[in-house]
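Enquirer: All chains, please: the whole structure from these sequences, using the hints.
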Amino acid sequence: MRAFARLFLVAILGLTVTSCGGGIPETEKAAQEGILLMGNGSEPKGLDPHLVTGVPESTIIRSLLEGLIASHPTNDLEPAPGMAESWESNEDFSVWTFHLRDAQWSNGDPVLASDFVYSWQRILSPELGAEYAPMLYLIENAEQFNRGEIEDFSQVGVKALDDKTLQVTLQGSTPHFLNVIKHTSYFPVNPRAVEENGGMLDRQSGWSTFENYVGNGAFQLKEWVTNQVIEVERSPTYWDAETVRLNGIRFYPIDNANTEETMFRNDRLHMTNTVNPDKIPFFQEEMPEEMSITPYLGVYFYRLNVTREPFTDVRVRRALALALDKQTIVERVTKGGQAPATGFVPAGIPGYEPSTAVQYDPDEARRLLAEAGYAGGEGFPRTEIMINTSEAHRKIAEAIQALWREELGIDVGIYNQEWKVYLDSQSNLDYDISRSAWIGDFVYPSTFTDMFTTGNGNNDTGWSNTRYDALVAQSWVAETEEERMELFHEAEDLLLEEMPIIPIYWYTRVKLMSPMVQEWHPKLLDAHPYKYVWLQPNGDAGE
Amino acid sequence: MTDHSETAVLGKDSAPVIAEEELVEGSSLWKDAWARLRKNKVAVGSLVVFVLICLFCVLGPFLSPYDSNAQDLFSGAEGPSADHWFGTDTLGRDLMVRVMVGGRISLMVGLVATVVALAIGVIYGATAGYIGGKVDASMMRFVDLLYALPFTIFVILLMVAFGRSMWLMFVAIGCVEWLSMARIVRSGVLSLKKQEFVEAAVSLGYSHSRIILRHLIPNVLGPVIVIATLTVPAVMLLEAFLSFLGLGVQPPNASWGVLINEGQANMEIYPWLLLFPAAFFAVTLFCLNFIGDGLRDALDPKSAKD
Amino acid sequence: MLKFIALRLLQGMLVLLGIYAVTFVLVAATPGSPFSSERAIAPEILAQIEAFYGYDKPLGERFITSLGNVLQGEFGPSAVYANRTVTQIIAESFPVSIKLGSISLLLALVLGVPAGILAAVKRNTWLDYLPMSVSMAGICLPTFVMGPLLALVFGLILKMLPVAGWYGPEYVVLPATTLGLYYAAYFARLTRGGMLEMLNQDWVRTARAKGVPEHTIIWKHCLKGGLIPAITFLGPALAGIISGSFVVETIFQIPGLGQWFVRAALNRDDFLVLGLTVLFAAMIVIMNLLVDIVQVALNPRLKYD
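Protein chains in written order, with this note's numbering: chain A, 24 to 566; chain B, 104 to 409; chain C, 56 to 360.
Bear in mind the hints are in silico, worked out from the structure with no lab data behind them. Predicted, not measured: the structure shown is a model, and the values here were computed from it. Ideal Cβ positions, reconstructed from N, Cα and C, are used throughout, including at glycine. Treat the hints with care, since some could be wrong.
Unchecked claim - Quick list of the computed label-pair ranges, beta carbon to beta carbon:
#, chain 1, residue 1, chain 2, residue 2, range
1, B, Ala222, C, Thr271, 41 to 51 Å
2, A, Glu246, C, Lys279, 45 to 55 Å
3, A, Thr477, C, Lys214, 58 to 68 Å
4, B, Ala382, A, Gly46, 35 to 45 Å
5, B, Pro183, A, Glu387, 35 to 45 Å
6, C, Phe118, B, Leu214, 35 to 45 Å
7, C, Trp274, B, Ala222, 41 to 51 Å
8, A, Asn130, C, Ala352, 53 to 63 Å
9, C, Lys58, B, Val238, 20 to 30 Å
10, A, Ala264, C, Lys214, 37 to 47 Å
11, C, Lys279, B, Ser184, 50 to 60 Å
12, C, Trp181, B, Pro183, 30 to 40 Å
13, A, Glu246, B, Ser184, 43 to 53 Å
Expert: The following block contains the structure:
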C-alpha cells in the first residue's frame, strides 16, 4: 500500500511539474526523431498476413512485409516493384513470371522464389483455415487444393523455376493480377521462422509474435505493448533502405474516436484513424489544414432479404431504393464528403465509369409501391432494419427510417445486434433489411460484382439470378479489357434493376492529419507505402 | 462468504432493523418513519424534485408540439431557442421531448428491473430463510456463486442474447441485481422466525406460504424498500453503461443513457446535447440516492433515537 | 485461524468450480461464435478452424477437456487474438489494473471516508448534506461523462495533464480520479452508516452522560467500529474496479484488464471469457477472506467461524 501511496504523491507532483512548463509537444519531438505517430483503430488480432482479416492488422503488416508488387505512392493501378524486380505475362494474362531481386529477410535469409511457393501453399492449406484463402483462387487449382480436393500442391499453378524466378499460372485471363497480389494474403512469410515455430499448418504458430517476427519490409518490430502501442523501426536489411525516410512508426490502438481526437489535439498523434462524423464540419471550419477527406473504395449499402415478404417483390425493393434522398443523408448525417451511391461499384476505379442507375425518384417509388399493392404504405408488413452496434449506423438507420416514413408512408423498425450475432444473422438470412458495407480488396470491379453470384458466401441476400451468374462467369474468361468492363457494367445494371441491395453511399477516408506529414497521398485502398513518407518538424515554431 | 453488498447499501447488518416493539404495533413503525423522514429536509426536497421530474417525463410529451422521433435533417443540432427550448439533436429532433421520452424509458428500466430483482430476491431470500437448514445453506451458496460472477461479462452476454426486446433487457438487468435483496430478506426472516408471533402462527397451523407472505415479508419490508430505492439509481447507471457499449434500448428510442452518450461525444460543439440529459439524469440520481438514504435513517429506529 | 482459512479456501475452490460451469453454459448458449466472420468462410475452412479450437467435439466433452486444462493452470489460447494465450493476456494487463485500481481506491477512501465521518457527526445539518452531495457526484454522472469532461478541462483547456496513455505517474491522475470519484460515494455512504450506528449505541450515550468529550468518543471509540462496513466493501470494490474499469480504460487508452472483460464478451472469445471469469471469482474469494481477517482484527468480539 505504501508503494501506491508514494506513487500517488509522485502523480500529484507530476501534475504540478507538467502544469508549469508546456515542454515540446510529443508530435514535434517525434517529428524531429522521424517517428510517425498514428491512431490505428483497435488492437491487432495478430500480425500473420495469412490469418488476419482486419484493417488495423494490415496497416501494420504492410510496414513489416512486402509482396512481389508494392503499392505505388500515388497511383493505385501502377505496380511498383517490390520483391519482384521485373515481371512479364503471356499474351492473354494467364501466366505470369516474376523475377525476384536480391532481397533479405530480417533474419538474414535471402528472399527466394520458393518462399512464395511455401507461403501460398501455407495460406491455401485447408488445415490452416485461412479466411482469406479465396483471394488466391485466381491461381490454377488453388481452390481445389484449398477445398481438399487436390492434396498435391505441385498441381497448383505456382512454381519456382529457380531461386529468383517465380511462375504463376492462373485459372484464366487476369490482366489485373498485379493489383490483386498487393493484398496481404499474397505476402510471403519466412519459411524458416514458420517451421521453427510450429510449422506451416499451425494456426497458433508463434512466428508472428513480437519475439519471433521475421519480415522483409521496410520496417521491423521494435515494441509491442498490448492495447497501448506497436512500434516499428527502420529495417537495416530492407532492399530499398536508402529510400526509407522515417525512422519508425508508432501505431496506437485506440478504439474510441473521441479519445483519438483528444490525443490528436493534445499533440500526441500525427494522424487519426477516424473522426466523429458530427465534428467534421466543425474541424473543417476550425482546423482545415488538419482535416483530410479522400475517396475510399467502399460502398455502404442495405441488404434486402429477398426470401422474405415483402422483399420477394422487386417493385418493393426498387421503391425502397428510389425513395431515399441519399444526398441529404451524406450531407446531414455522415458529413464526411461521401458520394451518394448511384450504383454498387464505387466511383474511382480507372477504366470503369460508375453506374448512375439508382437516383432519388420519390414519385416513381410511390408508384412502384402502389403497384405492389401497398399504396401509401397501406398494409405494408412490419419489417426491421438490422444494424450492428455503432453510433454511426444507428444514426443512418434512424434517418432512413424517417425518410421512408415520409416518402412512402411505411413504418420500418430498427434493431441492433452485437457484431458476431449480426454476422451470423446475416449469413443465415435471419433478417429483413441488413446494414452492410463492402470495401474492395483490390482496385477492380470484380471485387464488388463477384459477390452476388448464386451461392457466393458473401451474397447473403438469398438473391439468385442465372443471367447475372453467367455475366460474372464470362467476365473471368473475357479476352479483352473492354469486353470485360462491358460485362461488369451489364452485371451491375442487372443487379441494380433487381435491387437485392440498396446502395447508400460510397466511402471516404476521413482523418485528422498534421501538416507535418509529407508524401502521404490519397489512396483508394488506404494502402500507403510508408517508405516514402516523412515528417517536417515545425522547428522553433513548435515551442 | 461475508455479506457484502447489503452492507454496501445499508451500511450495516440489517437484521435488527425491526426491533420487537415495532412488531407489536406495526402501523406505528410506518407512522414514526414518516415523521422522521419529514424531518430530513434533503430527503423531502429530493422526493419533491423527483416527483416533478417524473411528471415532466410522463406528461410532458402530451403537451409538447413535437414528436420524439420526428426529424428535420436540415435543422440538425441547433442550440436552445424559443421553438426548441433544449435545442435539437444532430438529426434535427426536438431535444426536450426526447429528454422526456428518454426519461420515461430510463425510469422504467430502473423501476421494472428493480421490481424484477425485488420479486426474485424477496421470494428466494424468504424461502431460504424460512426453510432454513440445509436448503438454506445450499440456496445461499448459490447466491455466493453468482456474486463471484463478473458482472460485466454476465450482463453483456445476457444483453447479446436478449437485447432485441426492451422487456427482456429489463429482466436481464433484474436478474443481476436480485442477489443483495435475497440476502437481506433471508437474514431478516431468519431472525424473525425465532420470534413469538411466528411461532404462534405456526402453532395455529397456518400454511407456510401464508406465514411467509402475511407475516414474514411485511416485516422485512423496511430494509427491502430502502435497498429498492437505492437499486433504482444503480440500475439506471448500469443502463447508461450499456448505452455506452451500444447495448441499450433499440433505436429510434433513446434512454437518458443513450442521449448522454450521444451528447458526450459532441460536448464541445453542441454542449446542450450533453447538458440537458445529463442534468436530468444526475438530478434524478441525486434525488433517488438521498431518498434512499433518508428512508434508511427513517426506517432504522436505532439510529433515530436521538 | 489456519483451519478457518483452509476451510474457506476449500469453499472458494468449490465456488470457482461452480462459476466455471455456469459461465461455460452461458457462453455456449449465447448466440454468435468467435469464428463468425464478415467475409464468407467456406464450410470446409470453418470446420478446420473449429476443429483446431476443439469446437467440433460435443459440448460435454469440451467442458471436461477445458476444465481439465484449467485445473492444470492452462486456460487455452484466445480464440480471436492469434498467438496469445489467455494467461498471457491476463498477465500483461492485470498489473496495470491493479495499479490503477489501488490508486483509485486510495483516492476514493481519502475522499469518501472523511466525508462520511463528517456527515455522520453533523447529521441532518448542512455539514451532512454538503459532503454527501459532493461525494455522490461520482455515482450520479456516468464515468463516460466524467472522464471526457476531466480530459477536456485538465488536458485540452488547462493543458495540465496528458489526456490519454499509460506511460508515467502523471498519466494516472485523470483516470484514477474518474474511477475514484465513483467509489468515493459508496465509501462515504458506508462510513456514514457505520459511524451513525456506533454513535447511537447505548454505551456512547452513557459515555456522553459521563462527560467524555465528543472528539474522544468519535475518534477513540467509534471510528474503529464505524469503519468496518467500509473495510468490508474494499474487497468487492477492488474486484469491481479491476473488472469494471472498461469505460475509463477506453477513454484514457489504458492497457488494463477492464477492456478485456468487455471485449472478450463482445468478441465471443470463449476461452478468454472463461479465464477472466475464473480470475474475477478467485479475486472475490481471496478479497473476502482478507476482509474477514481484517474485520476480526478490528473487532475482537467477532470470531472466526
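Enquirer: Evaluate each hint against the coordinates.
Expert: Evaluated hints:
1. B/Ala222 <-> C/Thr271: 41 to 51 Å: Holds: the Cβ-Cβ distance is about 48 Å, inside 41 to 51 Å.
2. A/Glu246 <-> C/Lys279: 45 to 55 Å: Given about 49 Å between the Cβ atoms, the range holds.
3. A/Thr477 <-> C/Lys214: 58 to 68 Å: Given about 60 Å between the Cβ atoms, the range holds.
4. B/Ala382 <-> A/Gly46: 35 to 45 Å: Given range 35 to 45 Å: holds, Cβ gap about 37 Å.
5. B/Pro183 <-> A/Glu387: 35 to 45 Å: With Cβ atoms ~40 Å apart, the hint holds.
6. C/Phe118 <-> B/Leu214: 35 to 45 Å: holds, 38 Å
7. C/Trp274 <-> B/Ala222: 41 to 51 Å: Given range 41 to 51 Å: holds, Cβ gap about 44 Å.
8. A/Asn130 <-> C/Ala352: 53 to 63 Å: holds, 58 Å
9. C/Lys58 <-> B/Val238: 20 to 30 Å: holds, 26 Å
10. A/Ala264 <-> C/Lys214: 37 to 47 Å: holds, 39 Å
11. C/Lys279 <-> B/Ser184: 50 to 60 Å: Given about 58 Å between the Cβ atoms, the range holds.
12. C/Trp181 <-> B/Pro183: 30 to 40 Å: holds, 32 Å
13. A/Glu246 <-> B/Ser184: 43 to 53 Å: holds, 52 Å
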